[in-house]
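In the order they appear, the protein sequences are chains V and L. Here the numbering used here is used: the first residue of the first sequence is 1, the next is one more, and so on. Here the numbering used here is used: the first residue of the second sequence is 1, the next is one more, and so on.
One thing to keep in mind: the hints can contain errors.
FRET-style restraints, in silico, Cβ to Cβ [unchecked claim]:
id, chain 1, residue 1, chain 2, residue 2, range
1, L, Thr-211, V, Asp-165, 26 to 34 Å
2, L, Gly-88, V, Asp-71, 42 to 50 Å
3, V, Asp-264, L, Asp-165, 25 to 33 Å
4, L, Arg-197, V, Asp-71, 31 to 39 Å
5, V, Leu-101, L, Gly-38, 33 to 41 Å
6, L, Ala-85, V, Arg-221, 54 to 62 Å
7, V, Tyr-184, L, Leu-26, 27 to 35 Å
8, V, Ala-35, L, Arg-287, 21 to 29 Å
9, L, Arg-287, V, Thr-122, 51 to 59 Å
Honestly, the hints are just simulated from the structure, not real lab data. Small disclaimer: the values here were computed from a predicted structure and weren't measured. For every residue, glycine included, the Cβ atom is placed at its ideal position computed from N, Cα and C.
Number of protein chains: 2
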Amino acid sequence: MSAWIGIDIGGTNIKIATVSPTGKVLARGVVETRASEGPAPAFQRIHEAARYLAGSQSVAGVGIGCAGLIDAGRGILRVSPNMPAWRGANLGRIARAHFRLPIHLENDATAAAFGESFVRGTRGRDLVFITLGTGVGGGIVADGRVIRGVSGFGGEIGHMTVDPDGPPCRCGSHGCLEAYAGSYGIVRAARDAAEARGWKRAHKLSGKAVTARDVLDAARRGDSVGRAAAREAGEHLGIAVASILNVLNPSAVVIGGGVAGSFDVLAPHVRRMIARHAFADTARAARIERSRLGNDAALVGAAMLARSSTRPVRKSR
Amino acid sequence: MSAWIGIDIGGTNIKIATVSPTGKVLARGVVETRASEGPAPAFQRIHEAARYLAGSQSVAGVGIGCAGLIDAGRGILRVSPNMPAWRGANLGRIARAHFRLPIHLENDATAAAFGESFVRGTRGRDLVFITLGTGVGGGIVADGRVIRGVSGFGGEIGHMTVDPDGPPCRCGSHGCLEAYAGSYGIVRAARDAAEARGWKRAHKLSGKAVTARDVLDAARRGDSVGRAAAREAGEHLGIAVASILNVLNPSAVVIGGGVAGSFDVLAPHVRRMIARHAFADTARAARIERSRLGNDAALVGAAMLARSSTRPVRKSR
């Protein structure tokens, strides 16, 4: 049985795994990301680690998930927020020179969406993945295929406008989903709620170390400021999800990313807004659920994309 | 050279055409829709008309576009707003019995999206079609394939929430795009603007016969009530399009439907909101333009879907 190698290139770490044809992680390793280093020496280290992980197992292909704007067809990292030195690099070619195997390069959120889709089988063929972290990202799978858009920018669910008069977003726009449900949006909402209640409270919750998780933990404990912020984030997430349901009619909306662990606090507000704004049939068709693969989603997704691009998807499942 | 037959089933008329492999309408006819009639006798008449139109030309397949919820895989019209008597009918089987040819059944807006995609060639492979009429509908083509969603409800762009505190929509929700840019939304906006300016104006614009077209014609003439309504409709259409650009990154957003003839009045507002709410790269990648096929979009799209389902899309283009 062949395995596939999945690689998830992040700003701090590069995760590497061997993945079975059914999407199971067989062995895993991590190498550090060196900001100063170009992609060629990095892939030298990645290849060594991967070879060690694979051992005597035969490897059929390599899938790479990477933050940034990807030209998947040509294997080029066009824009990279975390590693400016990698901008424009043909990672496909560099990786192929080391591995001498078919290489598939994909945006990390898109790869994660495919991973979550893959592990759900037929129930995952129409799936939207939303990653809640500092920013809000996403990936779309429709009828078993990832949606990239004409220039690879597809899936920017965090920058759907959920309220045109809403707060400023990092992207320069106003009222994006991210401005509510990104971690800075959640902290901002807590600060607003605290201010509305008087500065004593605000001080308590607006110290340097306050994170979105602190806010949502406070909400879980019943803190009124935390609950107000959770409501604001969850309602706007629900409005965006309702629009996505009406436009894409997926069978699953999967929530991942660092804030996904606090999704229980947001979920009631999400569901209330879906009931208000989505068609009943469309809402019924979709499960809203947490990521099954967690931090492995991009890793497994990239490996399984490499697998499906070397063998036709329909035949191999 | 074979032709394909396209059929567009509407509540008043059924349009029929023979269509060339390049998407040109070769001959066309119309038969009336009889509300009381079931699908079997209707297809008797449709088949006779199609046979007359095709003459001695060989026909390779038949594509049917129909309003409602379609199970394209099985050829079943699951829900039909215009023809309740057709609900649940296996139009694929009924049509096949008459034509003895491969049949492709598709939602009419999805078929229209494919038609607009097809006539644009590679520039149309990632395309979003928005139809502005009484309601606001839509269809999505991603990487050359139509997006239907898991239960066939995909493409309901008119029911994206553009302002959660917005006016009521026919669907029961609030602040849907349709509540602003559907013809009833445009007339409502004119009435609101007139009321805000005093009843004399309102009376002038709120007579029984006032249509969205009247309102947008008034806007074109510089009427302040018409202009306010056009601004409200156009801005909210632009907000929805901006979200679509960020999520799907299409190369074209095509505006069709009965109100498309007045799109010039809405376009400046649409473009302003895209500039405010979409990523610059995503906005640059997409042309916002009027339908090229007009009333033929669903007809041509259905015929070309029949063509691509009998021959693989990639090979035949």
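Here's how the hints hold up against the structure:
1. Thr-211(L) / Asp-165(V): 26 to 34 Å: 30 Å, holds
2. Gly-88(L) / Asp-71(V): 42 to 50 Å: 46 Å, holds
3. Asp-264(V) / Asp-165(L): 25 to 33 Å: Once the Cβ atoms are compared, 27 Å apart, the range 25 to 33 Å for Asp-165(L) and Asp-264(V) holds.
4. Arg-197(L) / Asp-71(V): 31 to 39 Å: 52 Å, violated
5. Leu-101(V) / Gly-38(L): 33 to 41 Å: Roughly 58 Å apart at Cβ, these two residues miss the hinted range, so it is violated.
6. Ala-85(L) / Arg-221(V): 54 to 62 Å: Check passed, 58 Å falls within 54 to 62 Å.
7. Tyr-184(V) / Leu-26(L): 27 to 35 Å: Given a distance of about 58 Å, which is not inside 27 to 35 Å, the answer is violated.
8. Ala-35(V) / Arg-287(L): 21 to 29 Å: 38 Å, violated
9. Arg-287(L) / Thr-122(V): 51 to 59 Å: 36 Å, violated
Of the numbered hints listed earlier, those contradicted by the structure are 4, 5, 7, 8, 9.
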